[in-house]
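Please work from the sequences and hints to get the whole structure.
Here the protein sequences line up with chains A, B, C and D, keeping their order. Residue 12 is where the first sequence starts when you use my numbering, and the numbers rise one by one after that. Residue 12 is where the second sequence starts when you use my numbering, and the numbers rise one by one after that. Residue 29 is where the third sequence starts when you use my numbering, and the numbers rise one by one after that. Residue 29 is where the fourth sequence starts when you use my numbering, and the numbers rise one by one after that.
Short, incomplete list of chain D residues facing chain B, as computed with Cβ under 10 Å:
(1) H78
(2) A88
(3) G101
(4) G108
Hints were generated in silico from the structure; no laboratory data involved. A virtual CB, placed ideally from N, CA and C, is assigned to each residue, including glycine.
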Amino acid sequence: MVELTSKKISTDAVLEQVEAHSTGGVVLFLGRVRDHAEGRPVNKMAYEAYAEMAKVKLAELEAETCQKWPVKKIYIVHRTGLLELGEVSVAIAVACAHRKDAFAACRYAIDRLKETVPVWKKEYFSDGEAWVKGVVPEVKKATPSSQ
Amino acid sequence: MVELTSKKISTDAVLEQVEAHSTGGVVLFLGRVRDHAEGRPVNKMAYEAYAEMAKVKLAELEAETCQKWPVKKIYIVHRTGLLELGEVSVAIAVACAHRKDAFAACRYAIDRLKETVPVWKKEYFSDGEAWVKGVVPEVKKATPSSQ
Amino acid sequence: MKIKLRFFGQLKELTGTEEAEIQIKENTRVEDLIWLLGERYPNIREFLNHVSFSIDNEYASKDTVLADNNEVGLLPPISGG
Amino acid sequence: MKIKLRFFGQLKELTGTEEAEIQIKENTRVEDLIWLLGERYPNIREFLNHVSFSIDNEYASKDTVLADNNEVGLLPPISGG
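The structure is reproduced here in structure tokens:
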């Protein structure tokens with residue numbers, strides 16, 4: 012399951028989503044608001060999403076991850092809105108029969124999320140604010156009607 | 012920090028141990044009791060530890076992991092006693108500034124734990140019980156006084 | 029023909045706009061749209077080179093031809109996670 | 029000289045013992061101890077080949093010489109996690 016939420020992310024709730032008695036290994040990744048960025052102290056962080064598209068991309072990400080690894084359960088949630096220091100901005104939980112797969116799948120999911128899901132973050136400093144330098148998502152060429 | 016406990020492991024408490032405003036990425040590994048082992052249904056699982064030595068080995072594991080990766084916070088806890096299906100037998104939480112390190116360090120820690128920490132588990136089936144086939148820990152040769 | 033525009037991040041701030049409608053001619057490609065946008069929103073001109081475009085929730089290349097009622101997103105480099 | 033033995037897992041079950049003391053001669057190595065153990069605990073003989081030994085909380089090789097009051101663990105292959 013995937014979700015985009017403006018509410019505080021509870022890690023307990025995240026882990027409940029991947030409860031399954033048939034899984035041995037669970038890997039959870041949490042992204043949290045850091046108190047510094049390139050040496051500058053950060054006070055808080057705002058996350059903005061293109062909600063409709065982000066949900067589509069999160070669902071694609073889920074499907075892609077499950078295609079590449081034998082995932083039993085996966086839950087991906089991204090937060091939006093204004094976050095305080097230490098709050099969770101993104102959580103990805105993956106349950107697999109074998110821990111090797113759970114690590115690889117979770118790692119893939121967070122790496123890929125950062126390349127594909129339309130979300131933007133802004134850092135608030137004591138003396139101003141700045142959008143975080145992002146990455147340009149890859150775009151498949153429009154298939155020309157060339158056959 | 013490392014711990015050996017006969018009490019139920021709370022993932023919230025585990026994650027609290029690696030709270031730090033200076034860390035961006037947290038990776039948590041959870042081992043849970045599975046409902047099957049090599050095709051046979053499992054009802055519960057008993058974990059026995061050589062407590063004094065396990066604590067020494069867990070502390071070594073922590074030190075080793077922190078030496079290999081830039082770990083900001085790490086918490087390793089292993090459960091002992093009789094566990095029901097789905098209960099957490101081991102939890103390893105690692106917080107690093109960069110997620111790549113957190114994944115690598117957490118992966119290393121659980122792999123190494125299984126090779127070095129003296130813990131034994133027994134599976135209970137509906138019609139019997141069996142000690143799980145384990146691994147023989149590596150032993151450094153006693154340094155002979157050969158100089 | 030008309031399309032709906034959606035602005036995000038810095039582009040939303042610079043245009044002061046979340047959504048807008050714009051009339052386009054038939055066979056307008058994303059690349060052509062960029063010029064229309066530069067004309068209509070002068071203060072985002074310098075950013076348009078780094079903007080990605082989406083059409084109906086899918087990233088679109090610059091040679092994609094727009095259709096009536098498409099929803100087109102103007103997406104600065106993404107920084108989620 | 030005497031040492032303290034600790035039994036774990038299957039070995040604890042088979043010997044019905046958690047701890048025991050055993051007298052050893054000076055210069056007894058872990059390898060020599062294995063023969064003493066086989067003599068004293070016949071029903072773990074077939075397992076002694078796969079047992080690891082610890083001395084005072086550290087894995088010990090078979091050529092390690094035991095010292096008075098060492099705590100020696102008889103450790104079946106480990107299966108934590």
